[in-house]
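Given the structure of chain A, go ahead and fit chains B, C and D onto it with the hints provided.
This is what each chain is made of:
Protein chains: 4
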Amino acid sequence: MSSLFNGGISVSLFGESHGKGIGVILDNLPAGEEIDLEKIGEFMARRAPKKDGTSTMRNEKDIPEILSGLYNGKTTGTPLCSVIMNSDQHSSDYGNISHIARPAHADYTGYLRYNGANDPRGGGHFSGRITAPLVFAGAVCAQILEHRGITTGAHIVSVRDVKEPRFDPMNITAEQLEAIKKRVFPTFSEEAEAAMREIINDARMAQDSVGGVIECAAVGFPAGIGSPMMDGLENIIARLVFAIPAVKGIEFGNGFECAELFGSENNDDFILDGDTIKTATNNHGGILGGISSGMPIIFRAAFKPTPSISRPQNSVDFKELTTEELIIKGRHDPCVVPRAVPCVEAAMNIALVSALMEHPNI
Amino acid sequence: MSSLFNGGISVSLFGESHGKGIGVILDNLPAGEEIDLEKIGEFMARRAPKKDGTSTMRNEKDIPEILSGLYNGKTTGTPLCSVIMNSDQHSSDYGNISHIARPAHADYTGYLRYNGANDPRGGGHFSGRITAPLVFAGAVCAQILEHRGITTGAHIVSVRDVKEPRFDPMNITAEQLEAIKKRVFPTFSEEAEAAMREIINDARMAQDSVGGVIECAAVGFPAGIGSPMMDGLENIIARLVFAIPAVKGIEFGNGFECAELFGSENNDDFILDGDTIKTATNNHGGILGGISSGMPIIFRAAFKPTPSISRPQNSVDFKELTTEELIIKGRHDPCVVPRAVPCVEAAMNIALVSALMEHPNI
Amino acid sequence: MSSLFNGGISVSLFGESHGKGIGVILDNLPAGEEIDLEKIGEFMARRAPKKDGTSTMRNEKDIPEILSGLYNGKTTGTPLCSVIMNSDQHSSDYGNISHIARPAHADYTGYLRYNGANDPRGGGHFSGRITAPLVFAGAVCAQILEHRGITTGAHIVSVRDVKEPRFDPMNITAEQLEAIKKRVFPTFSEEAEAAMREIINDARMAQDSVGGVIECAAVGFPAGIGSPMMDGLENIIARLVFAIPAVKGIEFGNGFECAELFGSENNDDFILDGDTIKTATNNHGGILGGISSGMPIIFRAAFKPTPSISRPQNSVDFKELTTEELIIKGRHDPCVVPRAVPCVEAAMNIALVSALMEHPNI
Amino acid sequence: MSSLFNGGISVSLFGESHGKGIGVILDNLPAGEEIDLEKIGEFMARRAPKKDGTSTMRNEKDIPEILSGLYNGKTTGTPLCSVIMNSDQHSSDYGNISHIARPAHADYTGYLRYNGANDPRGGGHFSGRITAPLVFAGAVCAQILEHRGITTGAHIVSVRDVKEPRFDPMNITAEQLEAIKKRVFPTFSEEAEAAMREIINDARMAQDSVGGVIECAAVGFPAGIGSPMMDGLENIIARLVFAIPAVKGIEFGNGFECAELFGSENNDDFILDGDTIKTATNNHGGILGGISSGMPIIFRAAFKPTPSISRPQNSVDFKELTTEELIIKGRHDPCVVPRAVPCVEAAMNIALVSALMEHPNI
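Chains as they are written, first to last, in the working numbering: chain A, 1 to 362; chain B, 1 to 362; chain C, 1 to 362; chain D, 1 to 362.
There's no promise every hint is true.
Copies of the same chain look alike in the list, so a pair counts if it fits in one copy or across any two.
Keeping only pairs whose Cα atoms sit at most 35 Å apart, straight-line, the calculated DSBU-like set for lysine-lysine is [unchecked claim]:
1) 319 to 20
2) 20 to 182
3) 329 to 74
4) 319 to 51
5) 181 to 319
6) 329 to 278
7) 319 to 74
8) 278 to 20
9) 319 to 39
10) 182 to 51
11) 74 to 20
12) 39 to 20
13) 50 to 20
14) 319 to 182
15) 51 to 20
16) 319 to 278
17) 278 to 181
Simulated from the structure, these hints should not be mistaken for laboratory data. Please read all numbers here as calculations on a predicted model, not as lab measurements.
For reference, chain A alone in the conformation it holds in the complex (with noise of 0.2 Å):
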């Protein structure tokens, strides 16, 4: 659903699955930014499959076609609107359109919120493949963040039970940022990607998936940008992570780990950088009363495992009202985390230019 945010950008989604295209709209850019298409395409491909069994096989070419908003290079201003068509479809795979709800999939509660009338094939407007859009909308904000000296990133913490340590809140970098961004499978080492490939290996291998959490930051965002209340940096960010599908929690800073401290541990002094003023910690994740502190923006998202399994699973027909054995086809990727990285960043960097946009002179 389109949705505007106060005094901000509005990111308009539209598509589905196996429709004729899915894209965005863009409004409220602001004019005049460079865009770089070369850049877009690399951000992208990102989220693309990966023929490294981490991912479904599908062939998604996805090369977005900007229809208006752009001119000379550069964002016009008014709606920006790319367009992915759809050609990879494979709709057999889906055969007849089944009436089995697919365990921790939409089928079911979307067919009741339409009446029966959206489309079902692939997941329709609820796939994931939604997010290939939403990954463009964040790679024109990432530019557009650079312009102005921020820089956004995240990485894989943990799949399953495999971790790898968090950023450091006080010493992230852009440099840091942008390297991970250059890595196929975005962890900070490479130990943490061998056991975390096999972990997501083993699960493909037994017909099953695997979870994870991710980890976005942003560095370089200046400090007295948001506000408070509903509109502020955290309630934009966590509405637009929550559309990613499989999203079940999001916590900035330290998070949940704030709930079982002390005030005198878990309260950041404010320190004096020479003329600049800093936190001596960074529990704070960067926010403060919804409004940006000028320290590393942090938070981290946690993804459920793939719903989609091939092993047989027990369901109903929800038309029918009969309990059914489901056996799902087609290509499913064993882990969604690794190609969600781009999609949580994407969805940072859209928040981070909507609260710019309230203030242009930056």
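Then chains B, C and D, alone, in the frame of chain A:
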């Protein structure tokens, strides 16, 4: 900042801690809903400070006056405005306006955001006091939900390292939820209450504070309500919950735990209970694809320790750019969690009514 | 109903004619704007009933109390709420609630819209009285405009068939606009005033009422502000002006006359005045493509005659479905136009500030 | 710019005259509405250029491709995106980008608004061409209205000083409204057509253009739909109608004429027609207090003469700040009014569906 949820109700909160008054406008409410003012008072009393050492001694009577939108005891359908006048302000506790940033507060970020023009007394618009009209709004929405057979409720699942069991996600009942509202300290067990009170009291004696986690649930909410992408139930709930000061994380269903599971463990099989479709487990927390499944809706929110602690802290005068020792005077809750329970319920109630208004015939 | 303009300020009006109070929340205002309360009072006094026979004798003191958003005489940037308590309600004038629809009023349509739950006393939320907080909002915005060298003003150009000349669209001055605000009956010429007063008085003596047209202008508004399509200046102004009860038409620049011209007559040539770009004529009324041209902004709004007239009317009891003779008692303006002048200015002021907020550095 | 109507549908238009494509996303549409694509084509053909001398010879095939939101011929309830690729662009007609402002166009204001980054070719996003997706949206909404027994239609009531009678506001029928849609030149009488064609042709031969007025009506719209204040039917319709380039005024019911009447003349008495409540006259144009009365809804919109005329005009180069003689080349309608008729209907249709969505059970 005021907020409109697409197709739902709008909630406009206003006020500063030490200004003349605080309040809220609720718009797009259904017309003709009976509102029991006594119940509103009971709901708000759960947020009021207690004289049991867990909260500030500030004597807030907080009697909301409804100026519009209610006629003959029923909602009119036109905007409902409720005002709470600030009487017991004790401005002198704050003395001369300080520009020494209180750690973990929004003094510094708010000053930047509003070019120093915001009301700094007692945190101004950033104060936890603005949750009083939020709770009022939630109390109104609770009755609208009640008319439709929907019950919400919340309890404390942890204070620092003291925990009590979570809700049984399959078997929560309206009776359970109502019972816990009657308890001054909203836990299920008296053992948990005793242990939590002890750690809160210890923190208070140590001039310190402590955080915790609140769990909230809804039962009786019909399946098929909500929307995909950015206007899903999780998105709206998260946006509202992060409007409560001190919240740093939110998770739905089994939340961050899902990231450690295999799909075969995490997926909730669909089953039939007579003609009713249910799930065999409720890891998804009652929401799939942003839309309700008919199962209990469940989320948890993490609260940081109260930022205001009496012991000396290091900070910075953000106007003079000097380092300063800060001594916070005045009355402050050593733990916001007990009083935050109705705030969290309020966020749930507002989100659910907002989503229902897209289907007004329910 | 509350309203948010994309990227601009939000205005949430509330209240019913005979409820406890009415008011408004203004959100997204710029921070740090000095607000002179005496000037607010003067602006609102222009809407107050006069004792000269042109308006109702209802004694509305209408002293707005600002509950939030103002600190040390300046806007804080957080929501500004203003409340006017209803004191002089004379509910007995309305006696038992009638279900006989007053012609040209919203009694019947409001009853249907709200399933009979709306407050019908004195028109409830549909009452012209709700323009008091609208005028308050406009008075705040007038000062924000004044700080940027922008002046708005309005005058009566016709009452029934009595007309006075329109503004000279090329040569309106701030002084002219200010001068007219000082007149109790806002026309330029005393001759027009005398003739209009006479026809209003005649209508009153005949237990009748009369309509008219108000013209509004802004000078000093910078070029390049606004947006194309649905969020243009004309769109926003029109949306606000139609919120004033009794408005049935709006036209910008030469308005409906342009439909009778050739392009060669209607097009405004661009010219240079030193280094400033102007137009040689101002048929376009200062707005091209939804965006300001730097020329004076001009529009006119048509007001129908006051619906409430004392003479017997034929109508229907919409609850009993019977035809009835209706006698309207109580106090009513024989012509709303004089008191509507500041309402129209308020709509202009709110729209202009809202559009400016998309370019906050102005 | 994209727009969301509170509680209603959202309409996001995008595109530039000479960009790759133009289109629209419609969101919050009801699910399961059958959409007849042939009827969409017929509706859009009414806006297409004619080869009869009244419009440009630009050959716009304008076949909209629906990328999403339609499945098995029915709306899915998820966002419906329609794209029209620009094929016949003739960019060379515009040659080197000129900075000489075309009088009555948005060249200069758009340049300022977007700091010179907007696409200037053929007016860019300000082009009348963007009404093609608006008309598409209106054609979809027409069918949603038709499913509920609601018919809308429009006719030309004047071109310059040639007039035909207005609708009879009491007795408009769906048949009348349908009949006029079948006419290439949408007037009721052939006499009016002939006279209007003559004056348009004269203007064309004189290298000039001419304006006019369009009247639009809806019958069958249920009573009780809409909202008071800023989200009334008049407000929404006006906001949409002013999105059509060249509109300079709008009036509802008897419009500006009401300003010349006494209340006793203007008030519409309520009457009973069996058990149905009607009004004896329809000066109010079917809307009271922003809410439908059940009577035909009627408004008129004034269109200025086409700004582009071939004869030399005086203007300014806004980049060089020099005065210049301007010769506009290319193809332009001598009168936009005939092709604007379906645009005006589209605005009405979108507004009515949006208002209905607040009462989805209708």
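A quick look at each hint next to the structure:
Only within a single protomer do residue 319 and residue 20 lie at most 35 Å apart by alpha-carbon distance; the minimum there is 27 Å, versus 43 Å between protomers. In this homomeric assembly, residue 20 and residue 182 come within 35 Å of each other (Cα to Cα) both inside a single copy, at 32 Å, and across copies, at 32 Å. In this assembly of identical chains, residue 329 and residue 74 lie within 35 Å of each other by CA distance solely across copies; the values are 27 Å between and 43 Å within a copy. Proximity of residue 319 and residue 51 under a CA criterion of 35 Å is satisfied in neither setting, with 37 Å inside one chain copy and 53 Å between copies.
When the C-alpha separation of residue 181 and residue 319 is checked against a cutoff of 35 Å, the pair qualifies neither within a copy, at 45 Å, nor between copies, at 39 Å. Taking the shortest alpha-carbon separations for residue 329 and residue 278, only the inter-copy value of 24 Å comes in at or below 35 Å, while the best intra-copy value is 53 Å. For the homomeric pair residue 319 and residue 74, the shortest alpha-carbon distance between copies (19 Å) is at most 35 Å, but the shortest distance inside one copy (50 Å) is not. Taking CA atoms no more than 35 Å apart as the test, residue 278 paired with residue 20 passes between copies only; the shortest distance there is 34 Å, against 50 Å inside one copy.
Taking the shortest Cα distances, residue 319 and residue 39 sit within 35 Å of each other only across copies (32 Å), while inside one copy they are farther apart (46 Å). When the C-alpha separation of residue 182 and residue 51 is checked against a cutoff of 35 Å, the pair qualifies only within one copy, where the shortest distance is 17 Å, while the shortest distance between copies is 57 Å. For the identical chains of this complex, residue 74 and residue 20 are neighbours both inside a copy (28 Å) and across copies (15 Å), given an alpha-carbon limit of 35 Å. Taking the shortest Cα distances, residue 39 and residue 20 sit within 35 Å of each other both inside one copy (25 Å) and across copies (21 Å).
Taking the shortest alpha-carbon separations for residue 50 and residue 20, both the intra-copy value of 23 Å and the inter-copy value of 31 Å come in at or below 35 Å. Neither within a single protomer nor between protomers do residue 319 and residue 182 lie at most 35 Å apart by alpha-carbon distance, with minima of 47 Å and 42 Å respectively. Proximity of residue 51 and residue 20 under a CA criterion of 35 Å is satisfied in both settings, with 25 Å inside one chain copy and 33 Å between copies. With identical chains, the CA atoms of residue 319 and residue 278 are at most 35 Å apart between copies only, with a shortest distance of 14 Å across copies and 58 Å within one.
In this homomeric assembly, residue 278 and residue 181 come within 35 Å of each other (Cα to Cα) only inside a single copy, at 27 Å, whereas the closest approach across copies is 42 Å.
The earlier numbered hints that this structure contradicts are 4, 5, 14.
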